[in-house]
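Build the full structure now, drawing on both the sequences and the hints.
From first to last, the protein sequence lines are chains G and U.
Going by the numbering used here, the residue at position 88 of the first sequence is 170; the numbering climbs one at a time, nothing skipped.
Going by the numbering used here, the residue at position 139 of the second sequence is 221; the numbering climbs one at a time, nothing skipped.
Careful: at least some of the hints might be erroneous.
[As the list claims (entries may be wrong)] Cut-off 25 Å, straight-line C-alpha distance, at most; resulting in silico cross-link-like pairs (PhoX-like, lysine-lysine):
{"hint": "1", "chain 1": "U", "residue 1": "K259", "chain 2": "G", "residue 2": "K259"}
{"hint": "2", "chain 1": "G", "residue 1": "K157", "chain 2": "G", "residue 2": "K227"}
{"hint": "3", "chain 1": "U", "residue 1": "K152", "chain 2": "G", "residue 2": "K259"}
{"hint": "4", "chain 1": "G", "residue 1": "K152", "chain 2": "U", "residue 2": "K259"}
{"hint": "5", "chain 1": "U", "residue 1": "K257", "chain 2": "G", "residue 2": "K257"}
{"hint": "6", "chain 1": "U", "residue 1": "K226", "chain 2": "G", "residue 2": "K226"}
{"hint": "7", "chain 1": "U", "residue 1": "K227", "chain 2": "G", "residue 2": "K227"}
{"hint": "8", "chain 1": "G", "residue 1": "K226", "chain 2": "U", "residue 2": "K152"}
{"hint": "9", "chain 1": "G", "residue 1": "K257", "chain 2": "U", "residue 2": "K259"}
{"hint": "10", "chain 1": "G", "residue 1": "K257", "chain 2": "U", "residue 2": "K143"}
{"hint": "11", "chain 1": "G", "residue 1": "K259", "chain 2": "U", "residue 2": "K257"}
It should be emphasised that the hints constitute simulated quantities derived from the structure, not laboratory data.
2 protein chains.
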Amino acid sequence: MFNKIFGRSSAAPSGPEERLKAIEGSASAEMAAEMLTRPSALEQLTREEARIVVSYMMPHKIAEGVTFIKEGDTKETDFMILVLDGEVTVESIVVSRTEPITVTVLGRGSLIGEMGLLDGEPRNASCTAVSDLRCAILSRASLKKLLDDDPRTAAKFILAISLRIAERMRDGAEKLKLYSQLTQAMQEEINSLAPT
Amino acid sequence: MFNKIFGRSSAAPSGPEERLKAIEGSASAEMAAEMLTRPSALEQLTREEARIVVSYMMPHKIAEGVTFIKEGDTKETDFMILVLDGEVTVESIVVSRTEPITVTVLGRGSLIGEMGLLDGEPRNASCTAVSDLRCAILSRASLKKLLDDDPRTAAKFILAISLRIAERMRDGAEKLKLYSQLTQAMQEEINSLAPT
Numbered sequence: 083m084f085n086k087i088f089g090r091s092s093a094a095p096s097g098p099e100e101r102l103k104a105i106e107g108s109a110s111a112e113m114a115a116e117m118l119t120r121p122s123a124l125e126q127l128t129r130e131e132a133r134i135v136v137s138y139m140m141p142h143k144i145a146e147g148v149t150f151i152k153e154g155d156t157k158e159t160d161f162m163i164l165v166l167d168g169e170v171t172v173e174s175i176v177v178s179r180t181e182p183i184t185v186t187v188l189g190r191g192s193l194i195g196e197m198g199l200l201d202g203e204p205r206n207a208s209c210t211a212v213s214d215l216r217c218a219i220l221s222r223a224s225l226k227k228l229l230d231d232d233p234r235t236a237a238k239f240i241l242a243i244s245l246r247i248a249e250r251m252r253d254g255a256e257k258l259k260l261y262s263q264l265t266q267a268m269q270e271e272i273n274s275l276a277p278t
Numbered sequence: 083m084f085n086k087i088f089g090r091s092s093a094a095p096s097g098p099e100e101r102l103k104a105i106e107g108s109a110s111a112e113m114a115a116e117m118l119t120r121p122s123a124l125e126q127l128t129r130e131e132a133r134i135v136v137s138y139m140m141p142h143k144i145a146e147g148v149t150f151i152k153e154g155d156t157k158e159t160d161f162m163i164l165v166l167d168g169e170v171t172v173e174s175i176v177v178s179r180t181e182p183i184t185v186t187v188l189g190r191g192s193l194i195g196e197m198g199l200l201d202g203e204p205r206n207a208s209c210t211a212v213s214d215l216r217c218a219i220l221s222r223a224s225l226k227k228l229l230d231d232d233p234r235t236a237a238k239f240i241l242a243i244s245l246r247i248a249e250r251m252r253d254g255a256e257k258l259k260l261y262s263q264l265t266q267a268m269q270e271e272i273n274s275l276a277p278t
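Next comes the structure, spelled out in structure tokens:
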């Protein structure tokens, strides 16, 4: 399924230099590299390093309506996706309910499935293309290869992924605080309404 | 505050080899290294690599009752702690309430403050030693140094940190699902109790 690389494809390139050459002049590859460079408290990927990461990714198109990550899936967890263009809904079937609820909508520059790539645990939400998607896919095997070929770039990239997970973790923690308040308020309301 | 290294301290060691020599024979350093090696879907730190990471950490003691991380703190976010011995309560002041609630209790082998180390954002909970603590501290500066000295080990260590954050993220997501169910059930109860 994921057998091309960005730009002119020919014989499979091996090291970072050959790979960089292969993506030269690809506008999608450059866009992907730009999306991967973000400020951080530690070390940030330079544009050149981001290009190296991108050279280990594969361009891919997903048609509107396709659910490409399924909640609970334990088998296909060995890839993550960088959205270059298009929108994705993230849905979750809340425990013991049958109707999925939309958790969030993701667009350009979003990373999807990075936790599964790292830990191999079951997917915790389903992702569906709301429009035709252009994206870049990084497989676990390619990340391992990058770790061998260019550990410093791999380290900074993994750091960038961690930062995104940490950001979501902080959002989640804020939501938990709000829910905690909400249930307290609801409990008080129930107490005041209940016949004594 | 954090000016020692594990084992025999002498002149500050510079590279990984000198550092490894400096921690040779330290039981605490060996314990810390053991705690850092954990199975993972990607690459796992070997014991030797974990020892290298530990050689960039500083042993530290925290007395019972000391709150060493404060919720909302934006200044001292440049370190993380590996708990070697003792227990820590993690407390959070829920928004608009004045009483902190205990979120969790952490013990041996727990990593604390790793998100702040990575992203430099304000601390999202307070941590207090419930008993005297023995721990190992890694500063952001030391992590940067490790990234320069031995990028492959740094990459695998950052990966290990990410896995722990991802694990907490998944726990948080489960809790959010439960809260979502709980508030729906409570809303139904309120509706059934409310005068029509």
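Comparing the hints with the structure gives:
no., hint, verdict
1, U/K259 with G/K259, "holds (14 Å)"
2, G/K157 with G/K227, "holds (21 Å)"
3, U/K152 with G/K259, "holds (17 Å)"
4, G/K152 with U/K259, "holds (17 Å)"
5, U/K257 with G/K257, "holds (10 Å)"
6, U/K226 with G/K226, "holds (22 Å)"
7, U/K227 with G/K227, "holds (24 Å)"
8, G/K226 with U/K152, "violated (37 Å)"
9, G/K257 with U/K259, "holds (11 Å)"
10, G/K257 with U/K143, "violated (34 Å)"
11, G/K259 with U/K257, "holds (11 Å)"
The structure shown violates the earlier hints numbered 8, 10.
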